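Chemist: With the hints as constraints, model all of the structure from the sequences given.
Residue numbers for the sequence shown follow the UniProt record's numbering, beginning at 1 and rising by one.
Just so you know, these hints were derived from the structure itself, not from any lab.
Just so you know, these numbers come straight off a predicted model, no measurement behind them.
Heads up, the beta-carbon is just placed ideally off N, CA and C, and yes, glycines get one too.
Errors might be hidden in some of the hints.
Said to hold, decoys possible - No more than 27 Å apart at the CA atoms, straight line, and that leaves these computed lysine-lysine pairs for DSS-like:
no., residue 1, residue 2
1, K45, K478
2, K16, K45
3, K155, K214
4, K142, K301
5, K301, K69
6, K731, K718
7, K495, K478
8, K837, K798
9, K718, K798
10, K224, K69
11, K841, K860
12, K534, K340
13, K45, K224
14, K798, K822
15, K798, K833
16, K731, K640
17, K16, K340
18, K647, K340
19, K16, K76
20, K833, K860
21, K45, K833
22, K16, K224
Said to hold, decoys possible - Simulated restraints on C-beta separations:
no., residue 1, residue 2, range
23, E380, E156, 42 to 52 Å
24, E470, T627, 29 to 39 Å
25, G459, R491, 15 to 25 Å
26, H257, D421, 35 to 45 Å
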Amino acid sequence: METAEIARRFLSFFEKNGHTVVPSASLIAEDPTLLLVPAGMVPFKPYFLGQRTPPHDTATSVQKCIRTKDIEEVGKTSRHATFFQMLGNFSFGDYFKERAIPLAWELVTTPVEEGGFGIDPERLWVTVYLDDDEAEAIWRDKVGVRPERIQRMGKEENYWDMGVPGPCGPCSEIFYDRGPEYGVDGGPEADEDRYIEIWNLVFMQYERGEGSGKEYPILGELPKKNIDTGLGLERLAAVLQGVDNIYETDIIGRVLHRAAELTGTRYGDNQEQDVMLRVVADHVRSAVMLVGDGVRPGNEKAGYVLRRILRRSIRNLRLLSGTETAFLHELTEVSIDAMKDIYPDLLDRADVIHGVIDTEERNFAETLRAGTALFGRAAERTRAGGGTVFSGTDAFQLHDTYGFPIDLTLEMAAEQGLSVDESSFRELMQRQKDTAKADARSKKLGNADISLYARMLEGAGETDFLGYTESESESRVKGIVVDGVSAPAARAGDKVEIVLDSTPFYAESGGQLADTGTLTVDGRGVVDVEDVQKPLPGLFVHRGTVRSGEVVLDDTVHAGIDTGRRHAIERSHSATHLIHSALRNALGPSAGQAGSENRPGQLRFDFTADSALGGERLAEVEEEVNTVLAGDIPVQTEEKSLDEALKTGAMAMFGEKYGDRVRVVEMSDYSVELCGGTHVPSTARLGIVKLLGESSIGSGVRRVEAAVGVDAFRRLSKESTLVGQLSEQLKTPREELPERIDSMVSRLRAAEREIEKLRAAQVLQAAGSIAEGARRHGAALVVAAPAPEGASGDDLRKLVLDVRGRLGEDEPAVVAMTAVPKDRPVVVIATNKAAQKAGIKAGELVGIAARALGGGGGGKPDIAQGGGSDATKVDEALRAVEERVARG
Numbered sequence: 001m002e003t004a005e006i007a008r009r010f011l012s013f014f015e016k017n018g019h020t021v022v023p024s025a026s027l028i029a030e031d032p033t034l035l036l037v038p039a040g041m042v043p044f045k046p047y048f049l050g051q052r053t054p055p056h057d058t059a060t061s062v063q064k065c066i067r068t069k070d071i072e073e074v075g076k077t078s079r080h081a082t083f084f085q086m087l088g089n090f091s092f093g094d095y096f097k098e099r100a101i102p103l104a105w106e107l108v109t110t111p112v113e114e115g116g117f118g119i120d121p122e123r124l125w126v127t128v129y130l131d132d133d134e135a136e137a138i139w140r141d142k143v144g145v146r147p148e149r150i151q152r153m154g155k156e157e158n159y160w161d162m163g164v165p166g167p168c169g170p171c172s173e174i175f176y177d178r179g180p181e182y183g184v185d186g187g188p189e190a191d192e193d194r195y196i197e198i199w200n201l202v203f204m205q206y207e208r209g210e211g212s213g214k215e216y217p218i219l220g221e222l223p224k225k226n227i228d229t230g231l232g233l234e235r236l237a238a239v240l241q242g243v244d245n246i247y248e249t250d251i252i253g254r255v256l257h258r259a260a261e262l263t264g265t266r267y268g269d270n271q272e273q274d275v276m277l278r279v280v281a282d283h284v285r286s287a288v289m290l291v292g293d294g295v296r297p298g299n300e301k302a303g304y305v306l307r308r309i310l311r312r313s314i315r316n317l318r319l320l321s322g323t324e325t326a327f328l329h330e331l332t333e334v335s336i337d338a339m340k341d342i343y344p345d346l347l348d349r350a351d352v353i354h355g356v357i358d359t360e361e362r363n364f365a366e367t368l369r370a371g372t373a374l375f376g377r378a379a380e381r382t383r384a385g386g387g388t389v390f391s392g393t394d395a396f397q398l399h400d401t402y403g404f405p406i407d408l409t410l411e412m413a414a415e416q417g418l419s420v421d422e423s424s425f426r427e428l429m430q431r432q433k434d435t436a437k438a439d440a441r442s443k444k445l446g447n448a449d450i451s452l453y454a455r456m457l458e459g460a461g462e463t464d465f466l467g468y469t470e471s472e473s474e475s476r477v478k479g480i481v482v483d484g485v486s487a488p489a490a491r492a493g494d495k496v497e498i499v500l501d502s503t504p505f506y507a508e509s510g511g512q513l514a515d516t517g518t519l520t521v522d523g524r525g526v527v528d529v530e531d532v533q534k535p536l537p538g539l540f541v542h543r544g545t546v547r548s549g550e551v552v553l554d555d556t557v558h559a560g561i562d563t564g565r566r567h568a569i570e571r572s573h574s575a576t577h578l579i580h581s582a583l584r585n586a587l588g589p590s591a592g593q594a595g596s597e598n599r600p601g602q603l604r605f606d607f608t609a610d611s612a613l614g615g616e617r618l619a620e621v622e623e624e625v626n627t628v629l630a631g632d633i634p635v636q637t638e639e640k641s642l643d644e645a646l647k648t649g650a651m652a653m654f655g656e657k658y659g660d661r662v663r664v665v666e667m668s669d670y671s672v673e674l675c676g677g678t679h680v681p682s683t684a685r686l687g688i689v690k691l692l693g694e695s696s697i698g699s700g701v702r703r704v705e706a707a708v709g710v711d712a713f714r715r716l717s718k719e720s721t722l723v724g725q726l727s728e729q730l731k732t733p734r735e736e737l738p739e740r741i742d743s744m745v746s747r748l749r750a751a752e753r754e755i756e757k758l759r760a761a762q763v764l765q766a767a768g769s770i771a772e773g774a775r776r777h778g779a780a781l782v783v784a785a786p787a788p789e790g791a792s793g794d795d796l797r798k799l800v801l802d803v804r805g806r807l808g809e810d811e812p813a814v815v816a817m818t819a820v821p822k823d824r825p826v827v828v829i830a831t832n833k834a835a836q837k838a839g840i841k842a843g844e845l846v847g848i849a850a851r852a853l854g855g856g857g858g859g860k861p862d863i864a865q866g867g868g869s870d871a872t873k874v875d876e877a878l879r880a881v882e883e884r885v886a887r888g
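Modeler: Given below as structure tokens:
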């Protein structure tokens, strides 16, 4: 049975049994405590915690999941995967064990021709929690499982909680017996390689208290008992398709076997190659799904997960093939085709997915060569010093400069018999993150205890947003936070966070900055609102300072936004939509949005593209945007169902999360997007849009910045003034300035080249006198000297070769010279043929000199180059070379 058919049957079975089919949520977790969705129940977590009211009493879904905790085990075992799909059925206080258990058994054992999975009950075993007599009785008496096939397991295996105070409860799992060839008899407690878990039924019936690990008190029973089940789609596919592991199933197997064909290998012939092929198959599919949900390669968070798995794939493909051929485009195509039956939207996003992955492969191919060379030098330095531990500093440099994931460095080090100082690497990574993100944490996170906001949401309910039509409102204070703690009141000077029952303030989201303004308590106090955030969906938190008086819980406040600022932001946001459409017209549908920020009078828009637009095309985009906005097109908004909106052609932004009802923003048929932001009533309100430039901000991602309205006018006015000044200074008409400046720059560059030639010739003139300074050390003539002041790296190499030529070939000769261009010491060493025959190698000598300089280097026996960081050790480096030659 194909994987897509398994998913279809599961959803169909539970829909017939009264469950609402819920589409998979994005892999990008809505929960601020998570990076990516690691389990099928995560999208329903707010319902289980009581933070939100579920729209249905029961539900069923096929949820996309990513789990990176065991990424090093991917490919080595039969069950670990980065991307996987979890089939689940859920009850929010509707039914409990007495219905969940029989439903699971019915679906698993019903014959295929009757709509089930057709698994022989004699191949199935069941586990229950140690004291869950109720579940055991249902399995035994209602379902009919033989008592000897039911095993009781402890808290580690069969008890579930979220890791924090809240719902918890026992589990019951269904295991499939793969047969005696896979292990010993005796059920799951005897051998989990032979007996593999396929379905976990979680019975949420208790509330747990504070504690660590599995040690915590049970506070009592939940008022409503819930069901959360998870059936691994890939694991069940392996069982029903009769293959040994998930990598050989129909979907993943297609990618695996194509990777084998492309690399000239054969799956099953070599264990080491098999692991690499499985890693590639898993990681390519994972990357396709991550990019499809809006993740872009980067050096942190979800972007780092994507970059890490792509770069592991690229390296494994190179090791398998022994070439630098780019294979990911074709493997991406195979993966999209294999997954399209379950996720048809992948076909619509195929161009963007290919663009992102192709660009990452191309960029990493360039850095892999340089990074591998750096790794080689650092590894050689480690071994030369008698060490077996690759330094954390070098591992961090590989990550920071070349984008090497730490696991890639670990793999390369292991291949050379080295371990890695991971603790030092992690410390350097954390130090960098702490420094780079301190301001962002202060602004975005505010109170880090998300449970405080969860309690507010549960107590006060969702905030009613009025800002689409109102700029003022009379609202009630439902929550106050001072110094990270819930408080009954706040007084003058307090930094405060306030939750209202309704608000005209827009909370920062979708690239649009938050509103600012004031909350006024009649005759008693004023709060300056400086920022508004949504730490949880539906909860608006107004952050600011109590300017005067006080504000108290349940106060009625007059909430008013800064309308001038709001209108300026609206102009920027509407301009962003126009720029997005113009870029897609210029570059095609692959120019997908990768981020934006709309602030008063200015905007930035990030989009996917392989290369720069160029000045001419950028000017065309700008002209198209201004032509459209001058047409005074009405900006219309309408709320629709998500399916209806997508069918009308509205663009959905990758990485954004949408509910069942969405807001569609239309500017005639030129721009139709799903957007929760605020906008101008018509395009003419924008005035003018001026693109300020374009730049690269990462692999395959470009950024344009623009000024809008009055800000654009001011920018144009300044530029006009500057052009006027240049025209007057150069005595040249404005329209002739480009040619005049080009001519001046050309002459200047020609003069610089001539000066450089003269300087280089002057350096080389010193070759004769330097050669005369040769001194005998042991059996060889040695020149060990600094180069003339001002010598570049290229000059140094030419000078060393010239001096070596002057020493002839009659006897062994070594030339070692140093220079300090841009305050970084460089050493070049050359040996003649006689020296090489005598066993004197330039590569070995340069390693000695470079270590004295605090760096590394390498090269061929006849010429080698190195460098370091300590320019004060130049003389010491040259003496070290002389001493080494003297020892013979």
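Chemist: Kindly indicate which numbered hints from before are broken by the structure, ordering the numbers from low to high.
Modeler: 4, 9, 10, 12, 16, 19 and 21
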